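Chemist: Residue strings, one per chain:
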Amino acid sequence: NAGVTQTPKFQVLKTGQSMTLQCAQDMNHNSMYWYRQDPGMGLRLIYYSASEGTTDKGEVPNGYNVSRLNKREFSLRLESAAPSQTSVYFCASSGPSGSSNEQFFGPGTRLTVL
Amino acid sequence: GENVEQHPSTLSVQEGDSAVIKCTYSDSASNYFPWYKQELGKRPQLIIDIRSNVGEKKDQRIAVTLNKTAKHFSLHITETQPEDSAVYFCAAVLNAGNMLTFGGGTRLMVKP
Chain A
1 NAGVTQTPKF
11 QVLKTGQSMT
21 LQCAQDMNHN
31 SMYWYRQDPG
41 MGLRLIYYSA
51 SEGTTDKGEV
61 PNGYNVSRLN
71 KREFSLRLES
81 AAPSQTSVYF
91 CASSGPSGSS
101 NEQFFGPGTR
111 LTVL
Chain B
115 GENVEQHPST
125 LSVQEGDSAV
135 IKCTYSDSAS
145 NYFPWYKQEL
155 GKRPQLIIDI
165 RSNVGEKKDQ
175 RIAVTLNKTA
185 KHFSLHITET
195 QPEDSAVYFC
205 AAVLNAGNML
215 TFGGGTRLMV
225 KP
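If you read the sequences in order, they're chains A and B.
Letter 31 of the first sequence, counting from 1, is numbered 31 in this note's numbering, and no numbers are missing.
Letter 101 of the second sequence, counting from 1, is numbered 215 in this note's numbering, and no numbers are missing.
Treat the hints as calculated values from the structure; they're not laboratory data.
Since the model is a prediction, treat every value here as computed from it, not as a measurement.
A couple of the hints might just be wrong.
Unchecked claim - Calculated lysine-lysine pairs in the DSS-like style (CA-CA distance at most 30 angstroms, straight line):
#: 1; chain 1: B; residue 1: Lys156; chain 2: A; residue 2: Lys9
#: 2; chain 1: A; residue 1: Lys57; chain 2: B; residue 2: Lys156
#: 3; chain 1: A; residue 1: Lys14; chain 2: B; residue 2: Lys156
Said to hold, decoys possible - Cβ pair distances, simulated, as ranges:
#: 4; chain 1: A; residue 1: Gly40; chain 2: B; residue 2: Pro226; range: 21 to 29 angstroms
#: 5; chain 1: A; residue 1: Glu79; chain 2: B; residue 2: Arg175; range: 44 to 52 angstroms
#: 6; chain 1: B; residue 1: Asn181; chain 2: A; residue 2: Phe10; range: 41 to 49 angstroms
#: 7; chain 1: B; residue 1: Val134; chain 2: A; residue 2: Gly53; range: 40 to 48 angstroms
#: 8; chain 1: A; residue 1: Asn1; chain 2: B; residue 2: Thr183; range: 38 to 46 angstroms
#: 9; chain 1: A; residue 1: Asp56; chain 2: B; residue 2: Gln195; range: 38 to 46 angstroms
Built from N, CA and C at the ideal position, the CB exists for glycine as well.
Whole structure, please, built from the sequences with the hints as guidance.
Modeler: See the structure below:
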């Protein structure tokens with residue numbers, strides 16, 4: 001099993017450009033999450049999807065949109081990138097409701113917005 | 115929503131000493147408390163977790179304690195080794211939505 005995978009690993013954007021970060025998991029998990037991690041800080045939840053077909057805002061959703069394409073895939077879109085969105089983005093997934101709450105993280109995408 | 119505070123932000127210990135990291139949470143309804151270790155440039159990985167119906171859990175050199183009344187929980191690492199050097203994050207989960215709220219992290223440095 002690959003676990004949680006993310007693409008791309010690195011990306012540089014200019015202010016105003018758009019891009020989509022891709023995430024996929026092969027653990028048959030119901031829930032998926034997007035976090036951002038800024039230098040010296042903890043992870044902050046951007047959006048999450050408790051199950052296929054549902055998405056909800058987290059702590060810092062402004063400037064982002066998400067799509068839960070199917071049970072495996074959860075994408076994060078920046079419509080008009082800003083320097084404040086320079087960060088490392090982690091996708092995570094967790095198992096069915098009632099099972100372990102453990103979240104498994106992907107390797108991250110390091111995004112720089114100039 | 116939930117708020118998690120973590121202390122200290124940096125911790126330096128000598129190899130073989132113990133290290134303790136403390137976290138407090140705000141929402142008494144939180145019922146799951148994981149600890150993640152993140153090495154430089156890597157993803158966070160779960161090292162131990164505890165549920166609200168348990169006061170203490172141990173796994174080899176790592177232990178976590180939970181005080182529900184005071185709303186705080188702690189990570190204890192004994193006999194530290196250089197490979198324990200990393201950033202450690204605590205988190206709390208409210209059952210609904212399974213959302214993790216993270217503390218700000220502790221950079222642990224174990225000096226040989």
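Chemist: So which of the earlier hints does this model not fit?
Modeler: Nothing - there is no hint that the structure violates, so all of them hold.
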